[in-house]
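Peer 1: Listed below, chain by chain, are the residues.
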Amino acid sequence: MALSLQDVEKIARLSRLHLTEEEKTQTLQELNDIFSMVEKMQSVDTDGIEPMAHPHEAALRLRADEVTETDCAAAYQAVAPEVRNRLYIVPQVIEE
Amino acid sequence: MTPYTLKQAAELLQSKKISAVELATEYLNAIDVRNPAINGYITLDKELTLAEAQAADERIAQGNASALTGVPIAYKDIFCQQNWRSACSSKMLDNFVSPYTATVVQNLLNEGMVTLGRTNMDEFAMGSTNETSFYGATKNPWNLDNVPGGSSGGSAAVVAARLAPAALGSDTGGSIRQPASHCGITGIKPTYGTVSRFGMVAYASSFDQAGPMAQTAEDCALLLNAMASFDPKDSTSLEREQEDYTRDLNRPLTGLKIGLPKEYFGSGNSADVQTALQNTINLLKAQGAELVDVSLPQTELSIPAYYVLASAEASTNLSRYDGVRYGHRAAQFGDLEEMYSNTRAEGFGSEVKRRIMIGTYVLSHGYYDAYYLKAQKLRRMVANDFQTAFAQCDLILAPTAPTAAPKLGELNNDPVQAYLSDIYTIAVNLAGLPALTLPAGFSAEKMPIGVQLIGNYFSEAKILGAAHQIQQHSDWHTHAPE
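These protein sequence lines are chains A and B, in that order.
So for the first sequence, my numbering puts the first residue at 1; every next one is plus one.
So for the second sequence, my numbering puts the first residue at 97; every next one is plus one.
Bound-form chain B, shown alone (with noise of 0.2 angstroms):
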């Protein structure tokens, strides 16, 4: 009885069909049998979700549930629960059991959902193919052979293998839409300040962003509505009027401007990923859409201008990694310097020291105005070539990756390259706008693919309304792994 959608789980939790408890433990022993190979799991408390669970029920019963009571979702390992290890897949903080709940977490909890664990990332969420976990890498499960994508192909990997009916990711430079395209799963990264970053370990604080990975547009939509609330605990959280992102699921596309930016629509595209956007772009027009043609001139400046930022914000935010008042701390070490430089030495992957080297160099004395202000004006430009588009058009229709999954191992001696794949997410975060990932297709060796709806800022319930119409006329996130 194991549903396929969240909004399933909810429906047989209502109509009592299956109880909470029953549920949770359906999806614990699917993750026995399949989270060995795949890897998606990092952390399981059977104890502490059948206690949940058991919660859940009690709530149901005495007829106070809401529309999620009940049911099950895993976290990414970044945010922090407590009395759940949350590690972002790091040795630094491999033994750290939160003492306190990300305010994202504790709105779910209140609506009664039940944790499932705690899923694999890259490291401090940096990375795109889920290979620089300290906890090994995820699996893609069409393929094992394959990556799931990165930061959040944890998630992506548990909802794609059914071992999850959603899962939340955290998007810095598309950190949930890529994963989500190589895992044909739909992901969505709310403007920025919509979902409170407390409680979520910071890599990028201008660019974090949390967001719900699920089967499909409907179930983002509810779960955005219950994880959305201003957070006065976060000082970037904006101030706004609670929405309803459901509400805009229902609406046809007839009318519906999409932009179809020049710059994203080239030779670097695979041929799987042009037929998926040509597969898309022929679904919108059949259902009323209008295209046209825009531009976003910096897209290509998007990529250096992002990782002097984000690499700068990462050095100073990881800073605090000392091993003085939690994570790590080395066993060998003379004086307090040496503390520190041995503790992150040993607490650090590669790719994390790498950035935080990037990011302290790009700030150091004499550099800060040719690199970081330089890629601030840049950031900027980017902002403004989408306020450009967005005066043509209602949403832009672009690839989410220029390819299917690529192989485990494919990208892991060439950063620049790793780098490079996020050409089509990146500026998306520059200007902190909305964007989700839905599938789209498949490629010729049977990997999903996805493309992106992006928006203006706050038009989420707008993206989720047309992704679910495509949703409700094709039938690309309906398929599964074997």
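Extracted from the complex, chain A is given alone in its bound form (with noise of 0.2 angstroms):
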């Protein structure tokens, strides 16, 4: 299976990052070669076996619902891009 040009435009849209038309013809190069070299997975027969997603499958732990952090805002915050009255700024995204 090949991916085209508009494949690459949408993966990239969704992956939010903005591509050249130059970048968007290369990597569509390179991508085609990395997924024919992962299509040798389709030949093995999997039907049956359960899928593993972390190495010791373990349930995740439970805490406690109470408070143990401090306010560390003025810390986290001051490697913010911009901050205002302990806000993030952002462009606006809701209308006046």
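Calculated from the structure, these hints are not laboratory results.
Take the hints with a grain of salt, since some may be wrong.
Said to hold, decoys possible - Under the rule of at most 30 angstroms between Cα atoms (straight-line distance), these lysine-lysine pairs were calculated in the BS3-like manner: (1) B/329 to B/187; (2) B/358 to A/40; (3) B/503 to A/40; (4) A/10 to B/187; (5) B/542 to B/381.
Stated by the list, open to error - Pair ranges (Cβ atoms, derived): (6) B/118 to A/32: 53 to 59 angstroms; (7) B/393 to A/56: 21 to 27 angstroms; (8) A/72 to B/326: 22 to 28 angstroms; (9) B/326 to A/87: 34 to 40 angstroms.
Claimed, not checked - Just some of the chain A residues that point at chain B, by a computed CB distance under 8 angstroms: (10) 11; (11) 14; (12) 18; (13) 31; (14) 33; (15) 37; (16) 50; (17) 51; (18) 61; (19) 75; (20) 76.
Note that the Cβ used here is the ideal one computed from N, Cα and C, for glycine as well.
Fit chain to chain and form the complex, with the hints in mind.
Peer 2: Put into structure tokens, the structure is as follows:
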């Protein structure tokens, strides 16, 4: 199965990655090469095999529903691109 | 007086033949001289290093030092440490000074170890040559025209060049073992879940595991003792009793059953790698180990399975880099959507973008079953293969890489070829097993070659013991680049 340029554009959009026209063409070639290698998987009969998502398949631990963290907002927001009044600033998305 | 191993450094400090400040200063001076050519360190802060060393000296003077107090260590740039830039070698995090410390780093700080700096790596740990770093490639100290391997290539290079007695790396698809092999040092990836991932920048969460890189297996065991701990902050951290990973170091190899997987000993290995394997087999036999033939039939398919699963996890993990809370933000954008897309296009390098897109595709509607689910089933088959093999042997001997370190640029334009170079390391990560690389010879071009010892879950002490015994009866690990 070969990807088309439209597929690459769709994947880039879903990935939130802006690609130039040149990058799209190069990516198309690279992804097609990689997926031809990946296609080898299809030759293996995996019927009846349980998927393995995690090496130990342990259940996630739960903890008591108690507040344990202190207020670290100032430290964490010190590395943010733009902050005002303890809020992260992004372009407006809600109409006034 | 710069020591050769971590253990020697610890002994010099304990006998007060050198202070922690003097030792750190010696390393910092050596780094000033040699690092510009190697580019192994990308962030240094002498004030912070010397402050940690001063605190270690005070602890030693007060008589409450541990065995590792005052010993310097380097950290792969993937580990967050408060007040240090932790950029994961990416433009995306170039300005990120961490407000918190990774548990594994904190464990070593609690021992009083002294931070020398952050080491270069493939961007977000994606790569096999260390050439995808935003800060430029690291050079192999054995030959500056060669790569050190990836993605912990900076850590491997600084240990090999004796610019640190030890370093931390991380291993998602072989990223501790392959650079250790290419640089002639020892490195171990522990059983998944043994070492906390909290504060380690996430690439593929069901694979990523931190581990020590040093000159000897003994040094790795000492470090692993300090690193490994249950961590409630990491939901995949395993609750187990604290182990002593040095406990088998003096156990002879007599009677140990070593499996030789036929799929790993084929014609794909260079003649130099075959010789290194034979060297090790001869030594193991001479020391009384028993060699048995085993089979790992899904080895070849572990590469496609890994790249589907790791890329899928990468695409979700790296969705957090949106220019909102930390890291790079594009200067030019119209709306929110464009801010995300431009930020990520500018902040990520080409290999990272490639893997994000592979991951996005295999997780997208209509392709999940054919790729992601299929790869998870293959992962199970790979893990089952190992269990069949371990019914017949204690440890598995395998090459770490098919060749010695390639030249810089050799794999740059062919991602598939680069991915295939990880053929001998990836299956271990799919299964979550522990494995160690140790030096086993040199190529005709005088480049180091390593071999792997793979063990069953939680057999780190056994692996380290066998590796230590090999190092007691060989000198491959004692050679240093000029």
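Peer 1: Now tell me if each hint is right for this structure.
Peer 2: Against the structure, the hints:
1. B/329 to B/187: holds (27 angstroms)
2. B/358 to A/40: Holds, because 21 angstroms separates the two Cα atoms, which is no more than 30 angstroms.
3. B/503 to A/40: holds (29 angstroms)
4. A/10 to B/187: Given that 30 angstroms is the threshold and the Cα spacing comes to 25 angstroms, the pair holds.
5. B/542 to B/381: Roughly 26 angstroms separates the two Cα atoms, so the pair holds.
6. B/118 to A/32: 53 to 59 angstroms: This hint holds: roughly 57 angstroms between Cβ atoms.
7. B/393 to A/56: 21 to 27 angstroms: About 23 angstroms separates the Cβ atoms of residue 393 of chain B and residue 56 of chain A, which means 21 to 27 angstroms holds.
8. A/72 to B/326: 22 to 28 angstroms: holds (23 angstroms)
9. B/326 to A/87: 34 to 40 angstroms: holds (36 angstroms)
10. 11: Constraint on residue 11 of chain A satisfied, holds at 5 angstroms.
11. 14: Status holds, d = 5 angstroms.
12. 18: holds (4 angstroms)
13. 31: Interface hint status for residue 31 of chain A: holds (7 angstroms vs cutoff 8 angstroms).
14. 33: Where the cut-off is 8 angstroms and the nearest Cβ of chain B is about 5 angstroms from residue 33 of chain A, the hint holds.
15. 37: holds (5 angstroms)
16. 50: It holds, given that the least Cβ distance between residue 50 of chain A and chain B is near 6 angstroms, below 8 angstroms.
17. 51: At about 4 angstroms, which falls below the 8 angstroms cut-off, the nearest Cβ of chain B leaves the hint on residue 51 of chain A intact, so it holds.
18. 61: holds (6 angstroms)
19. 75: With a minimum Cβ separation of about 4 angstroms from chain B (threshold 8 angstroms), the hint on residue 75 of chain A holds.
20. 76: For residue 76 of chain A, the interface hint holds, since the closest Cβ of chain B sits about 6 angstroms away, which is under 8 angstroms.
When each numbered hint is compared with the structure, no violation occurs for any of them.
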